[in-house]
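Start from the sequences, fold in the hints, and give me the full structure.
In terms of full-length UniProt numbering, the sequence shown opens at residue 1 and continues consecutively.
Calculated directly from the structure, the hints in this document are not laboratory data.
Here the structure is a predicted model, which means the values were calculated and not measured.
Hints are not guaranteed to be accurate.
[Unchecked claim] 30 Å max Cα-Cα, derived DSS-like pairs, lysine-lysine:
no., residue 1, residue 2
1, Lys2, Lys66
2, Lys266, Lys234
3, Lys426, Lys403
4, Lys2, Lys266
5, Lys179, Lys132
6, Lys2, Lys426
7, Lys184, Lys143
8, Lys2, Lys191
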Amino acid sequence: MKKHLIIATYDGIGTHYSGVGTIAKNFVDALGELADEFDLKVSIAYINVDQGSKVFNKECFDKANKLTSETGGAMLPLCNSTKGESEWDMWRSFNEWNYTCSSLVTALNIILNPDEESYIILNDTPFLFFAKYKDLVNSKKVKYFYFPLSTGKNHAFGDQVWRENRIRVEQECFDLAFKDKDSKVISLGKKFAERMHNDYGLFFSKDDFLQNGLFFSRYDNYLSRKFTNSDLEKFDINIERDAKIIFSWGRCSVAKGFRELAQAWKMSAQQLPNHYLILQMPNNSGESNYFSEVRSILSDTPRSIIIDDFNPDIWKTVLRNENTDIVCIPSIMDPFPHTSIEAKLFSRDMNFVTIISEVDGAVDAFSEDESVYVDPNDIELFSQKIITTAKLDQNTKREIIDKNTNTIGRFDFPVIMRDFLVKNLK
Numbered sequence: 001m002k003k004h005l006i007i008a009t010y011d012g013i014g015t016h017y018s019g020v021g022t023i024a025k026n027f028v029d030a031l032g033e034l035a036d037e038f039d040l041k042v043s044i045a046y047i048n049v050d051q052g053s054k055v056f057n058k059e060c061f062d063k064a065n066k067l068t069s070e071t072g073g074a075m076l077p078l079c080n081s082t083k084g085e086s087e088w089d090m091w092r093s094f095n096e097w098n099y100t101c102s103s104l105v106t107a108l109n110i111i112l113n114p115d116e117e118s119y120i121i122l123n124d125t126p127f128l129f130f131a132k133y134k135d136l137v138n139s140k141k142v143k144y145f146y147f148p149l150s151t152g153k154n155h156a157f158g159d160q161v162w163r164e165n166r167i168r169v170e171q172e173c174f175d176l177a178f179k180d181k182d183s184k185v186i187s188l189g190k191k192f193a194e195r196m197h198n199d200y201g202l203f204f205s206k207d208d209f210l211q212n213g214l215f216f217s218r219y220d221n222y223l224s225r226k227f228t229n230s231d232l233e234k235f236d237i238n239i240e241r242d243a244k245i246i247f248s249w250g251r252c253s254v255a256k257g258f259r260e261l262a263q264a265w266k267m268s269a270q271q272l273p274n275h276y277l278i279l280q281m282p283n284n285s286g287e288s289n290y291f292s293e294v295r296s297i298l299s300d301t302p303r304s305i306i307i308d309d310f311n312p313d314i315w316k317t318v319l320r321n322e323n324t325d326i327v328c329i330p331s332i333m334d335p336f337p338h339t340s341i342e343a344k345l346f347s348r349d350m351n352f353v354t355i356i357s358e359v360d361g362a363v364d365a366f367s368e369d370e371s372v373y374v375d376p377n378d379i380e381l382f383s384q385k386i387i388t389t390a391k392l393d394q395n396t397k398r399e400i401i402d403k404n405t406n407t408i409g410r411f412d413f414p415v416i417m418r419d420f421l422v423k424n425l426k
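Structure follows, in structure tokens:
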């Protein structure tokens with residue numbers, strides 16, 4: 001009899017606009033390649049969304065539906081107590097998290113066959129709350145993998161009362177999972193595992209990881225091309241033809257370290273008169289005050305460009321621009337940002353060095369000899385690292401870049417997913 005794998009996820013199925021969504025999309029694509037090999041039936045439980053709304057992503061939904069249909073599984077829309085017309089509707093309160101997890105119990109009780117071996121990946125932090133309801137699942141022949149992608153102690157998001165409540169419930173759910181022989185917590189990367197150990201007392205074995213990665217083939221159309229500053233004009237980025245670029249991108253969130261990068265650039269801009277800082281940071285994460293703060297820091301700083309646009313063609317074009325000199329991943333509370341792996345992949349045959357935050361999961365993608373490490377919270381040192389990196393001699397730059405591109409193979413997601421299935425679906 002087939003093994004039954006259920007993926008429960010917040011976005012990336014009916015919607016797709018975040019790192020969580022990218023991970024869910026990776027699951028769908030990887031399982032499309034691996035389901036036959038492992039004789040899997042795949043079902044997907046996802047937050048229900050109004051398919052007529054602007055947040056609905058038909059391409060993601062159709063791929064997920066195709067996977068479940070071909071493997072004999074089911075699509076399981078979960079309750080969110082709203083009309084599902086915006087991202088914020090589905091995320092804004094603990095009630096939403098509880099509604100979703102309790103409705104997942106109902107869905108599982110309908111579809112699970114007690115004679116099958118079933119495995120559930122609970123993708124993202126809201127599904128930690130499922131630990132409070134798990135005993136209501138009728139079938140006891142199920143293994144649960146909790147896969148949090150942030151924690152309240154790691155991610156300073158929300159007001160203090162909300163965050164303290166989140167941390168309290170996370171600790172409760174982690175303790176429930178730890179005591180349950182059929183459950184384990186999976187970490188996105190080694191650095192995040194260290195944080196969860198220090199913050200919540202969790203322990204991880206060598207099999208308790210599902211490392212972040214990419215589908216390299218998705219980027220082939222850009223990796224074979226190179227651009228110049230004139231190619232940026234179609235995105236309304238107008239800079240001198242010989243100007244050098246310092247670039248960073250990702251959703252506008254305190255977790256990404258854009259404020260610290262803006263402050264460091266403010267200190268270093270005068271010493272790098274041929275460089276522009278370009279930040280692509282779409283203001284779609286519910287942190288508008290943070291967006292305004294970063295914009296205010298750079299308002300009187302020369303050669304600073306902020307792009308409030310999600311368009312992935314922008315960051316892909318900048319990364320393959322021959323004038324891009326530094327790529328910066330300054331994240332301060334991100335378990336393992338996709339941008340770090342994308343920077344690594346796109347550096348092939350290019351001329352930029354990556355400055356990597358040493359305080360969070362970005363280091364899982366780069367060793368110290370493949371990049372320039374920095375603590376973004378030390379603004380003065382950060383600004384000095386920007387200046388020093390911009391002035392590296394060509395031989396030193398080439399050595400760093402080449403070492404970096406030699407290790408990209410470790411982040412091939414289908415290989416990562418296959419390894420996870422071999423170790424855990426026993």
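Now for the hints, and whether the structure bears them out:
no., hint, result
1, Lys2 x Lys66, "holds (18 Å)"
2, Lys266 x Lys234, "holds (27 Å)"
3, Lys426 x Lys403, "violated (37 Å)"
4, Lys2 x Lys266, "violated (58 Å)"
5, Lys179 x Lys132, "holds (12 Å)"
6, Lys2 x Lys426, "holds (12 Å)"
7, Lys184 x Lys143, "holds (8 Å)"
8, Lys2 x Lys191, "violated (35 Å)"
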